[in-house]
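S.K.: For the sequence shown, our numbering gives the first residue as 1, with consecutive numbering after it.
Simulated from the structure, these hints should not be mistaken for laboratory data.
Certain hints may be false.
[What the hints assert, rightly or not] Within a straight-line C-alpha distance of at most 27 Å, the following computed DSS-like cross-link-like pairs (lysine-lysine) qualify: (1) Lys240 <-> Lys158; (2) Lys77 <-> Lys240; (3) Lys197 <-> Lys68; (4) Lys297 <-> Lys197; (5) Lys173 <-> Lys73; (6) Lys157 <-> Lys173.
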Amino acid sequence: MSGLRRLFRGSGRALAFVFAASVVWLLLDMAALRLSLGDAGGRLLKEAADHPQAPGQFGHPVSVPADKQEEAKSRWKEGNFNVYLSDLIPVDRAIVDTRPAGCSEQRVHDDLPNTSIIMCFVDEVWSTLLRSVHSVLSRSPPHLIEEVILVDDFSTKKYLKEKLDKYMSRFPKVKILHLKERHGLIRARLAGAEVAKGAILTFLDSHVECNVGWLEPLLERVRLSRTKVACPVIEVISDKDMSYMTVDNFQRGIFTWPMNFGWRQIPQEIIEKNKMKETDIIRCPVMAGGLFSINKKYFFELGMYDPGLDVWGGENMEISFKVWMCGGEIEIVPCSRVGHIFRNDNPYSFPKDRVRTVERNLARVAEVWLDEYKELFYGHPGSPGALQRTRSLCFGRAQWAENT
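Assemble the whole structure, with the sequences as input and the hints as a guide.
M.R.: Shown next, in the form of structure tokens:
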């Protein structure tokens, strides 16, 4: 009996030691989490805890009150989504971690390169732009962000001038570049890239919400190879009720003639044959174009975006063809998730009409990069007439075709 008592006393001391060690480890883990999120992330966690019932908190859908239906309807055109609800939701709302199981355990190098985040906008909705910036600052390790460059493409809204400058002055890493004339999204991104100081350029739209741990997996892929272009999984923020919705993991960007971008499910037999896991990197023929990380030097070696492309449209095809044909590769990184408001129309103007601008851009891409395959583009109804431009060859179309 005395032997048993000694055994239990010894076990008690061992259990006490294990418990104490676990508490210390938990405290260190929480400290590391706060360090990785930064002070802004700590404030975000506190805000979610203090106001769990705030509209839209944790990505929940929000309904327009019956007596506000007309106001919400009248404000829709301000952004081509539910602007009334966007203004109702906290600019630093919490959202659910939608990463596949296993992502939080993945390791990355401790010497990841820093990045300049470039976010272009014209007449963006105030609350949506702020929410985009807050999500970047709150869910990114501070030491990995060299700067956040907001490129104002000659907005007409007064709140996007001095008011925005004043609001963002509280964040030392946020810089605002006010363009003196309208450039269009493509050339506005080039203006941001020209002044960026980070080793990696990360392009984001101005109506997004970055999820937990979104940045490190992107930078890890580019660190592994400077010619990798890393894209997050683009999730959906509803334009109607502002809910944050996840998407299927096994999708990749594709195009159909005449160069219409779309998403396609990877066939189940391919998933099973290759024993693909939800966390596996997905090589991608073409990318959506709005959200990606790329080595800055490599971006400039590629010739950046073609500055002859107007406003918006076709730039995702051009950069995709260019990457594959010039020795690079495009990847979707499932452990990086960014929500995006998909709108049924652009809320800004085009120098001509939207259709003609996009058609001209696509014709330019076809002439520059498709060689004899451009006939597949022009051979479809609705394709525009030919447009001539010369280019210098990289490694040829063979690598692009082989890998995609």
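S.K.: Decide, hint by hint, whether the structure agrees.
M.R.: Checked hints:
1. The hinted pair formed by Lys240 and Lys158 meets the criterion: a straight-line CA distance of about 26 Å does not exceed 27 Å.
2. With a CA separation close to 12 Å, the supplied pair Lys77 and Lys240 stays within the 27 Å bound.
3. For the hint pairing Lys197 with Lys68, the CA-to-CA distance comes to about 45 Å; that exceeds 27 Å, so the pair is violated.
4. At roughly 11 Å between alpha-carbon atoms, Lys297 and Lys197 fall within 27 Å of each other, so this suggested pair holds.
5. Between Lys173 and Lys73 the alpha-carbon distance is near 36 Å, which puts this suggested pair outside the 27 Å criterion.
6. At roughly 23 Å between alpha-carbon atoms, Lys157 and Lys173 fall within 27 Å of each other, so this suggested pair holds.
Violated hints, listed in ascending order, are 3, 5; each of the other numbered hints is respected by the structure.
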